[in-house]
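**Q** The residues making up each chain are set out below.
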Amino acid sequence: MPQDVAQVLADCIANEDGFVELRYHKKTSRGVSVEKGRVESSSVRHRAGTGVRVLESGVFGFASCSSADPTDVKNAITRARDAARQSADHKKEKISGLAPCELAQGHFEGDGVDDVLNRSLEEKIGLAREVEEQTRRAAQRVATATCTYREIAEEKAIVTTDGARCSFRLVRPEFRVSAVAEDAGERQISSRTIGVTGGWDCLFRDRPAERLGDEAAKTAVDLLRAQRPAGGRAKVILAPSIVGLLVHEAIGHTVEADFVQSGSVAQGKIGHRVGSDLVTLCDSGHSEIQDGAGGTLPIDDEGVPTSRTVIINNGILESYLHDRTSALKFGVAPTGSARAWEYSDFPLIRMRNTYLEPGESTLDEIIGDTPDGYLLDGPRNGQADATGEFMFNTERAWRIKDGKLCELVRGVTISGIAFDVMQTVDAVSSEFKWDLGAGYCGKGQPAKVDAGGPYVRCEVLLGGSQ
Amino acid sequence: MSPQTHTPSNRQASLLEAAQRGVERALSMGADQSEVVCDYDCETRVDLQKDDILNASTSEEATFGVRVFKDGSMGFATVNDSGKIEQACTEALALASASPPDELNGLDDARSVEPVNQGHDPAIAAMEIGQLVKLGSDMLERIKKRDARVVTDSGQVYAVVSERAIATSTGIALSDARSIAGGSFFGMAVAEDEVGSFDHDGHNVLSVAALRGELESAADRFVIKTISALGAQNGESFRGPVILAPEVVSDFLVGNLLSVLKGNAIRTGKSPFANSIGDEIASPALTLIDDGRQPGGVATRAFDREGTPTRTHTILQNGVLQAFLYDTYEARAAGAQPTGHARGSASSPPSIGSSNLVLQPGSQSSARLCCDPERAVVVSRFSGSCNPITGEFSGVVKGGFLMHRGAKTPIKETLIAGNLFEAWKNVSGISEELRVINGTHTMPSVRVEDVSVTAG
Chain A
18 MPQDVAQVLA DCIANEDGFV ELRYHKKTSR GVSVEKGRVE SSSVRHRAGT GVRVLESGVF
78 GFASCSSADP TDVKNAITRA RDAARQSADH KKEKISGLAP CELAQGHFEG DGVDDVLNRS
138 LEEKIGLARE VEEQTRRAAQ RVATATCTYR EIAEEKAIVT TDGARCSFRL VRPEFRVSAV
198 AEDAGERQIS SRTIGVTGGW DCLFRDRPAE RLGDEAAKTA VDLLRAQRPA GGRAKVILAP
258 SIVGLLVHEA IGHTVEADFV QSGSVAQGKI GHRVGSDLVT LCDSGHSEIQ DGAGGTLPID
318 DEGVPTSRTV IINNGILESY LHDRTSALKF GVAPTGSARA WEYSDFPLIR MRNTYLEPGE
378 STLDEIIGDT PDGYLLDGPR NGQADATGEF MFNTERAWRI KDGKLCELVR GVTISGIAFD
438 VMQTVDAVSS EFKWDLGAGY CGKGQPAKVD AGGPYVRCEV LLGGSQ
Chain B
-12 MSPQTHTPSN RQASLLEAAQ RGVERALSMG ADQSEVVCDY DCETRVDLQK DDILNASTSE
48 EATFGVRVFK DGSMGFATVN DSGKIEQACT EALALASASP PDELNGLDDA RSVEPVNQGH
108 DPAIAAMEIG QLVKLGSDML ERIKKRDARV VTDSGQVYAV VSERAIATST GIALSDARSI
168 AGGSFFGMAV AEDEVGSFDH DGHNVLSVAA LRGELESAAD RFVIKTISAL GAQNGESFRG
228 PVILAPEVVS DFLVGNLLSV LKGNAIRTGK SPFANSIGDE IASPALTLID DGRQPGGVAT
288 RAFDREGTPT RTHTILQNGV LQAFLYDTYE ARAAGAQPTG HARGSASSPP SIGSSNLVLQ
348 PGSQSSARLC CDPERAVVVS RFSGSCNPIT GEFSGVVKGG FLMHRGAKTP IKETLIAGNL
408 FEAWKNVSGI SEELRVINGT HTMPSVRVED VSVTAG
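Residue numbers (the numbering used here), protein chains in the order written: chain A, 18 to 483; chain B, -12 to 443.
What the hints contain is simulated information worked out from the structure, not anything from laboratory work. Wrong hints could be hidden among the right ones.
[As the list claims (entries may be wrong)] Cβ pair distances, simulated, as ranges: (1) Ala156(A) with Glu203(B): 30 to 36 angstroms; (2) Asp134(B) with Gly143(A): 45 to 51 angstroms; (3) Lys91(A) with Asp207(B): 41 to 47 angstroms; (4) Glu115(B) with Arg136(A): 57 to 63 angstroms; (5) Asp294(A) with Ala354(B): 46 to 52 angstroms; (6) Gly143(A) with Asp359(B): 55 to 61 angstroms.
[Claimed, not checked] Chain A residues, not near chain B, derived (Cβ > 10 angstroms throughout): (7) Glu52; (8) Ser60; (9) Gly78; (10) Ala80; (11) Cys82; (12) Gly288; (13) Ser293; (14) Asp294; (15) Asp394; (16) Gly433.
Ideal Cβ placement from N, Cα and C applies to all residues, glycine included.
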């Protein structure tokens, strides 16, 4: 149990001088992937070990070992101290310390851990097989289907010489289904993904697995007949999944304090207007508004309890995301945003669950009030730049004419400058959804995150045919 | 059978012994066939952040991957503790028992593996943290001296030693070792009232002697790329030629094509090229080779993740599709021989991937490639996606330029869209200059006609 490991680690640092942080992390990933009737892979991966971070001579040193054995851990502390000492002469801006804060104590148990882990392999593999087969048979033109179930179960214990002594367990199941439709040599693909922090019921809280397959099959077939839109500036209504991409990729990264210090577009903009009055954007370690957000965690990897951080409040930039190092430098409290992917990774400032607060309109009202535009849903991927310029590919887009949803179009890419686009937000729905829980954020190392929000109307550049 | 050209270390011998014990254990527990891969990695690394040293670190880990086959079903489990190999055998067997059979499942037979010089410079293993810190610090200083406006947001320099052993119940017993050192820089230029677009560069080498020089070159390219993005203006919308930089050719043009030339894409009907061997699927000017045995290639190895020997593999010859990429399963499904393209580490089941890719050079200079058309867009980085099923792609041009009658203007907010498979046919020029990217991909610049360009 991670609580027992926390005690072992606490003993390891009892006589250490200066700042030492020990983070034991045991991760078990199980997955099954079925394609065209074949179980392509069924696997389990166990990885466990202890990451050691020390602050010495104004610089961090880091080392890791693949156990929580006191001899191995103490050896890693020695190696981390050596790494710090050898770096000290070349560190230009010495780290003067870490922001003081209330560090976590005790054990935290995530929802659904035993529920997911106690389910049999047969049930998980069986579900993936059934949904794949059903998806493949959902329409004549569906040529192939893929279904993947994956779960990541984590146990952590974090102790520091300045007072953290905590542990937690959580589980994050994910489910993906894709259908490929084919007609006269033309192929189209559609996918549905869900991912949560929580149990089995939470994973399928919106709709059963079978319906996800049906939806993917129908969309893939419909996309065969869809045309590309004309490129240019357009009024669009973004579904929660695309809002999630926007707030995560195009804004969230620019307010990570390490990136702010490097010169992101958010630098120096605290107190400035960066969005319309309708824009209130937050990042939280908790699952706000709706349960099960995929990036939920009780404590960050510095032992700081996570909280809700209001980044933009009614259009005004209010806060960045901080670890303890940047918080001291900025003179603010840490936001519980330090995260490491595995035990051998150094913690970095990362998002958790990023979202836009819901508004008061309904989606139907917003569509009815749009004379000409598009409704976009189904993120395929997204990237953003230091400049705040973003690019997202969407799977499905419906033309809106005279307040009515019309034909499906395909291959839609949207782009814009995030803070400029936020200024154009003129309608925000009351409906809310976490919709990127199956996603992973990359920043040198992966992180499990979620993002979402309401339906949002704004103006972007649409990529299409010329 | 011992493919390495150096003496196997004691660690390799003990890894191989552990692998062979694991194979026997899995068989004794009821597996019909078993494979155990043991990886040992030792890394010394310095992370960079905000033009400074972030931290220095060391890590060492051994990973053990167990794949079993029972009654035609397969299961895989991995652990990072040698004391838990038996647990991995148990879990892999449980996964196999819960999975349906497939008559094509099974391991490759032992084949003759010819040695290859895959690079194992003992000086890389001997690199101390202090040396890497100094190297990282020197690179940051070099970047600032080249242009103070460039901010290295993040980066790293590292030295990694990897050793591997593979044993199977079909008689494969192989081990090797390699050492790679390298680094990368990621960031942007920040002027008084402007933040430029992100860019990055880096390189991997097989010897300490080459490390500093290659990292200096990467740092210099990083400066040029980030500074070039300043002063970007909105471009023009048109349909016409785009010139793809070698990095874009590697990631976008070649990477996405390869995804539909893998055996699994062919078998599952996700490739439009299933019946195209011998057909001209690209411009006759294009020849693409994957050379698993390329001298000096960072991806050079004598055998793949399944113990199958690697080889020099021509994929496209003058635009004509020559071959697909197979591992053992996909080769069996296709009635072909495995091509040595099983990839991955001990922490995951094998999957198909390439090694050292070479797109043969053309005869035009890069300058001519850009300046010949009356109007074209140069794509230094592509932030977008390609649907591998349909070939449709769209995304934002990064670090791009509009070329207009030879004049070069940096552009922003410009999207390109088209179809990847058409793009391979519409190649109208290939540069004579080649760039080696990360030590594994050797690519020219390529001009593609008839692409949709939308300016903001």
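**Q** Next, verify each hint and record whether it holds.
**A** For each hint, the structure was consulted:
1. Ala156(A) with Glu203(B): 30 to 36 angstroms: Since the Cβ atoms of Ala156(A) and Glu203(B) sit about 57 angstroms apart, the hinted range of 30 to 36 angstroms is violated.
2. Asp134(B) with Gly143(A): 45 to 51 angstroms: Check failed, 59 angstroms falls outside 45 to 51 angstroms.
3. Lys91(A) with Asp207(B): 41 to 47 angstroms: Distance hint for Lys91(A), Asp207(B) holds at roughly 43 angstroms.
4. Glu115(B) with Arg136(A): 57 to 63 angstroms: For Arg136(A) against Glu115(B), whose Cβ atoms are near 49 angstroms apart, the range 57 to 63 angstroms is violated.
5. Asp294(A) with Ala354(B): 46 to 52 angstroms: Taking Cβ atoms as reference, Asp294(A) and Ala354(B) lie about 51 angstroms apart, which means the hint holds.
6. Gly143(A) with Asp359(B): 55 to 61 angstroms: For Gly143(A) and Asp359(B) the Cβ distance comes to about 59 angstroms; the hint holds.
7. Glu52: The claim is violated: Glu52(A) sits with its nearest Cβ about 6 angstroms from chain B, within 10 angstroms.
8. Ser60: Per Cβ check, Ser60(A) is inside 10 angstroms of chain B; nearest 4 angstroms; violated.
9. Gly78: violated, 6 angstroms
10. Ala80: Given that some Cβ of chain B is not farther than 10 angstroms from that of Ala80(A), nearest at about 5 angstroms, it is violated.
11. Cys82: Given that some Cβ of chain B is not farther than 10 angstroms from that of Cys82(A), nearest at about 7 angstroms, it is violated.
12. Gly288: holds, 18 angstroms
13. Ser293: Given that every Cβ of chain B is farther than 10 angstroms from that of Ser293(A), nearest at about 20 angstroms, it holds.
14. Asp294: holds, 25 angstroms
15. Asp394: holds, 16 angstroms
16. Gly433: violated, 8 angstroms
The earlier numbered hints that this structure contradicts are 1, 2, 4, 7, 8, 9, 10, 11 and 16.
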